[in-house]
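**Q** What follows is each chain in one-letter form.
2 protein chains.
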Amino acid sequence: MRTHYCAQLNENDVGKEVVLCGWANSYRDHGGVIFIDLRDKTGLIQLVCDPADSKEAHKIATRVRDEYVLIAKGKVRLRGEGLENPRLKTGKIEVVVDKLTIENESAPLPFIIGDTNVNEEIRLKYRYLDLRTKEAYETFELRSKVAIAARNFLDENGFLEVETPVLTKSTPEGARDYLVPSRLYPGEFYALPQSPQLFKQLLMVAGFDRYFQIAKCFRDEDLRADRQPEFTQIDVEMSFCTEDEVIAIAEGLIKAIFTASGIEVQTPFRRMPYHEAMENYGSDKPDLRYDLKLVDVIDIFEDTELKVFRDIAQYKKLNRIKALPVKNGADTLTRKDIDELTNFVAKFGAKGLAWVKVKEDGDLQGPIVKFLSEDEKNRLIERCGVEAGDLIFFGAGAKKTVLDYMGRLRAEVAKKLGLIDKDRYEFVWIVDFPMFEIEEGEVKIKALHHPFTMPKNVDSEDIEAMTSEAYDIVLNGVELGGGSIRIHKPQIQKKIFEILGISDEEAREKFGFLLDALQYGAPPHGGFALGFDRLVMLLTKRDNIRDVIAFPKTQKAQCLLTHAPSPVDPEQLKELHIRIREPKKV
Amino acid sequence: MRTHYCAQLNENDVGKEVVLCGWANSYRDHGGVIFIDLRDKTGLIQLVCDPADSKEAHKIATRVRDEYVLIAKGKVRLRGEGLENPRLKTGKIEVVVDKLTIENESAPLPFIIGDTNVNEEIRLKYRYLDLRTKEAYETFELRSKVAIAARNFLDENGFLEVETPVLTKSTPEGARDYLVPSRLYPGEFYALPQSPQLFKQLLMVAGFDRYFQIAKCFRDEDLRADRQPEFTQIDVEMSFCTEDEVIAIAEGLIKAIFTASGIEVQTPFRRMPYHEAMENYGSDKPDLRYDLKLVDVIDIFEDTELKVFRDIAQYKKLNRIKALPVKNGADTLTRKDIDELTNFVAKFGAKGLAWVKVKEDGDLQGPIVKFLSEDEKNRLIERCGVEAGDLIFFGAGAKKTVLDYMGRLRAEVAKKLGLIDKDRYEFVWIVDFPMFEIEEGEVKIKALHHPFTMPKNVDSEDIEAMTSEAYDIVLNGVELGGGSIRIHKPQIQKKIFEILGISDEEAREKFGFLLDALQYGAPPHGGFALGFDRLVMLLTKRDNIRDVIAFPKTQKAQCLLTHAPSPVDPEQLKELHIRIREPKKV
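Chains L and Y supply the protein sequences, listed in that same order. Counted the way this note's numbering counts, the first sequence spans residues 873 to 1458. Counted the way this note's numbering counts, the second sequence spans residues 873 to 1458.
I should point out that these hints are in silico values taken from the structure, not numbers from a laboratory. Since the model is a prediction, treat every value here as computed from it, not as a measurement. Cβ atoms here follow ideal geometry from the backbone N, Cα and C, with glycine treated the same way. Errors might be hidden in some of the hints.
Where chain Y lies over chain L, by a calculated footprint (3+ residues, C-beta under 8 Å) [what the hints assert, rightly or not]:
#1 958-969
#2 1078-1084
#3 1267-1273
#4 1291-1300
#5 1336-1342
Think about it this way: if two alpha-carbon atoms lie no more than 25 Å apart in a straight line, the pair counts; the simulated SDA-like pairs of lysine to any residue are [to be verified]:
#6 Y:K1413 <-> L:D1027
#7 Y:K1428 <-> L:F1103
#8 Y:K1413 <-> Y:R959
#9 Y:K1366 <-> Y:I1310
#10 Y:K1088 <-> L:F1103
#11 L:K1288 <-> L:V1350
#12 Y:K1382 <-> L:R1451
#13 L:K1165 <-> L:F1103
#14 Y:K961 <-> L:F1103
#15 L:K1382 <-> Y:K1382
#16 L:K1242 <-> L:G1261
#17 L:K1428 <-> Y:K1382
#18 L:K1446 <-> Y:I1310
#19 L:K1017 <-> Y:R959
#20 Y:K1366 <-> L:G1059
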């Protein structure tokens, strides 16, 4: 129907007859001539409907209102001197219309397109209007381009995209499953996959060697700001590979994705053992765009007069005293800032936030200074590498709590002092995760990894010291994804289940088919997954996951556009052999 | 871990040190030397473990059994004269092993890999073994390549891949939905999409202009041989387009897909109005690889002595008398063949199958000939274009029944006479579908199209004559997909709902959000979908849809590998506010 898209036209097209299609972004009558800004996915162009050129087109133009759908035939000409619009890509030209068709009308809109002050609920209800902005189109254009780039990279590296089932059985991620009642098998249910984990491992057993999929995954969890009930991940698995080889593929993939987004990144990325990330940054997803680092000072306080520190310093394995030196902090952080930071860390279990400033003369100042010996002060200054004008915060207490709140303090200070360069991309692999997490006497597999993760030192007697061949990729403090080398030998798998207290029966019921598969010649294999929605969010610098999903759900898992979920016909439930459980009457 | 894949090696690699990884496809001890055929995704290569080369490797080789996972280091050499294996791509070479690792063992297999005589249930239960054949790998390799080619073609043509929700509301295809109970909204359910139809239309309203998706779709129907509960379609939609423009994109896409599969196809494809397809081929998905065609002969029998034909010929609108002339049929079809074909059409409602043969002298022969006048015979011979040695079948009766069984007869005769060239690809667009189907007084939308299809002559009083801007693409008698131009004006949509007897209330409840969207400036738009599984099936010449799906379900919608569906924990149901409806006790 069209000869060009609106913003494809430029000065070189002057004199051309064109047909354009799109929406009336705005219109105005100026001295009997009607000017319409016509919009399509590429942008805007000005249409001129002058009765001197075409009476008929002008007459139709008088009926045009916001968001009417138009087809306009006309000739491109230069705007007159002084009439150019430098804010518009096509601002030097306009189209003199000789034929105008109103292809469809529009009722008055519930909100102005692009108005971000409109309540999100209204925007989600009319998502098709919310998506009419240039910004939205460009976000989904990037999302599409990035997916193509990812696929082409993986294809070129010998990976096959294989689709795994959506109607399937529970997977081992341990979150809550979405269930689908079966019509043919009364009382039985499919589960929607939390990931293609088991299937991709089975494809390795099948000898497919290199698999990937951009896969929909499902978790029926209470939603945080950056979670959705269904999300997309780039899922990769390969055989006969070492941890280094998997990491190299992941780096190549990330590089291809960023290149497609116009961002150059340097590979290989740095790697950091989990232990180091926790001790130095108080997080297993450290943001390395700024230079703040925690310093271990517990040994300095072994015999200090400051009783609370001295007591804590007696148990070096269970406790931590961490310093966070802040360059120029004595000058840049006000008393009010420090109070706010004290309140901030209190939310995460800190019982206070000790601090000292380094004075001009090099001596320390602050509420705790009077308890410190000269030797302690000197060792502190040396250990933290501080000088005049700097400030040191202290966190002291149980290891886990201190690392957590000092990590958060680090990020908060960086934010407060504007230390974060938004244009930097700092990637880091976190490696050497502990295999198990021991909490209140119970052995758990380390968060985000599953019981098929290969341990590095499986024969060790000390399960606390056992690390895993798992790796997470972190960008600017956000976990993009991760993976592991998997267990491919039945006897190792058996041992891990034993340590985890998973009985043979439970293991068989949940993962019996995987355990079977491991018996028939499973190759060594491993892989990773990247959260695709979050990746697109970072690439487009949007801060809401809903901005990068075409038809998102609310944090309460509702689609306000289609009204899903919704009640269904009782006949449907009957066919599915279920009934609704009526709430108990009180 | 490896330096090469097995079948990458050839004579040029002689002398090279290599490391290979894979499975013991077979092994044999020949005079104290062990020969192992090592297999990976690329194929086989022979490993030689001679104690004269490495005592240790040979010792390990004695433990190797079928499907053990091996890593072999060694040197490539030419096989001796007369020892070459011409059936193997690597048959001129072998690898002399100096280091062999058994990376994993394998229990004895439940069946021999690649044995197609094994019961399908067993093969599906151990799908990861069933997929270990070269044929399976190549099928999924093609599937992956074809998907990449489709995406790149659409990307290059300005289409964005946009993911639409899986947890959503009922869509208008009218098949049974899979439902997902909501945990947060007691008594409410999501539905899995039967297609992204409504969402893709909303994306057009949003101004996205060109959308595609390779999308999972779901239908809870009783399964035929070529159906699965979840299937994949290439789904496309575009704005400001004519039927011709959509068809051109579909043809470009199909061409790109076939080219990626090594098959050249010529575009544009021919087009055939629905009416012509039905009258000439007795099917709206005619197989055009062979030259058989139905001929209308009802007028010839208006005054015939053959009473049954004469009676039928009195009602030309409701009835049909169709001839199927078969070149050389008098010689190639035996009496037994004709009896079989008579039984065949009887299954589809034929009350008999009249036939005549053309004798050497040009006269006709057969049970009905004695009732025919000279004039009728001459007109028949001329109309059907038959000559000596040919045969004509006749179908007579109610239009729908006759067209159906004569269409099936046409295909069956082609099969019997070996007229089908398996290497030909005959595409045809079926166009100008009637908009409505009137069955027993009830107006229905024509099968496979939905109530959003644009009628061609909406102001016609005769709804039977109303055709739609819908088009199906047929390849070799198989429907690959289809689409339509959609209704974008609320008033036309309203009229169609009226004709269909869909009340305002019902329309609002089911598609309210689409009707809303049409009010806010919906552009003209249309699109299509191609069945991706079926396409891959045709491209790989497999005749079972399960062969092209990595983890398929049985015709009873079960996954025999994971045992889905399966019972779940009663606690889970409680959280979802449902209970199982116990079967009535008799």
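**Q** Quickly compare the C-alpha distance for K1413 (chain Y) and D1027 (chain L) to 25 Å and report which way the hint goes.
**A** 23 Å, holds
**Q** Holds or violated: K1382 (chain L) with K1382 (chain Y), Cα cutoff 25 Å?
**A** Roughly 39 Å separates the two Cα atoms, so the pair is violated.
**Q** Run the distance test for K1288 (chain L) versus V1350 (chain L): straight-line Cα separation, threshold 25 Å.
**A** 19 Å, holds
**Q** Against the 25 Å threshold, does the CA-CA distance of K1088 (chain Y) and F1103 (chain L) hold or violate the hint?
**A** 14 Å, holds
**Q** Do three or more residues of the segment 1078-1084 of chain L come closer than 8 Å to chain Y, measuring C-beta to C-beta?
**A** holds (count 4)
**Q** When I compare C-beta atoms, does the segment 1291-1300 of chain L have three or more residues closer than 8 Å to chain Y?
**A** The restraint on the segment 1291-1300 of chain L is violated, since only 0 of its residues have a Cβ under 8 Å from chain Y and three are required.
**Q** What's the verdict on K1428 (chain Y) and F1103 (chain L), does the C-alpha distance respect the 25 Å limit or exceed it?
**A** It is violated: about 29 Å lies between the C-alpha atoms, which goes past 25 Å.
**Q** Does K1413 (chain Y) pair with R959 (chain Y) here, judged by a C-alpha cut-off of 25 Å?
**A** The hint holds at about 23 Å.
**Q** Check the hint pairing K1446 (chain L) with I1310 (chain Y) against an upper bound of 25 Å on the C-alpha distance.
**A** 31 Å, violated
**Q** Are there three or more residues in the segment 1336-1342 of chain L whose C-beta lies closer than 8 Å to some C-beta of chain Y?
**A** Our answer is that it is violated, as 0 residues pass the Cβ test (under 8 Å) against chain Y, missing three.
**Q** When you check the alpha-carbon spacing of K1366 (chain Y) and G1059 (chain L), does it fall within 25 Å?
**A** Violated - the C-alpha atoms of G1059 (chain L) and K1366 (chain Y) are around 41 Å apart, more than 25 Å.
**Q** Within the assertion that chain Y covers the segment 1267-1273 of chain L, do at least three residues meet a Cβ-to-Cβ distance smaller than 8 Å?
**A** Violated - the segment 1267-1273 of chain L has 0 residues with a Cβ nearer than 8 Å to chain Y, which falls short of three.
When held up to the earlier numbered hints, the structure conflicts with 1, 3, 4, 5, 7, 13, 14, 15, 18, 19 and 20 and fits the remainder.
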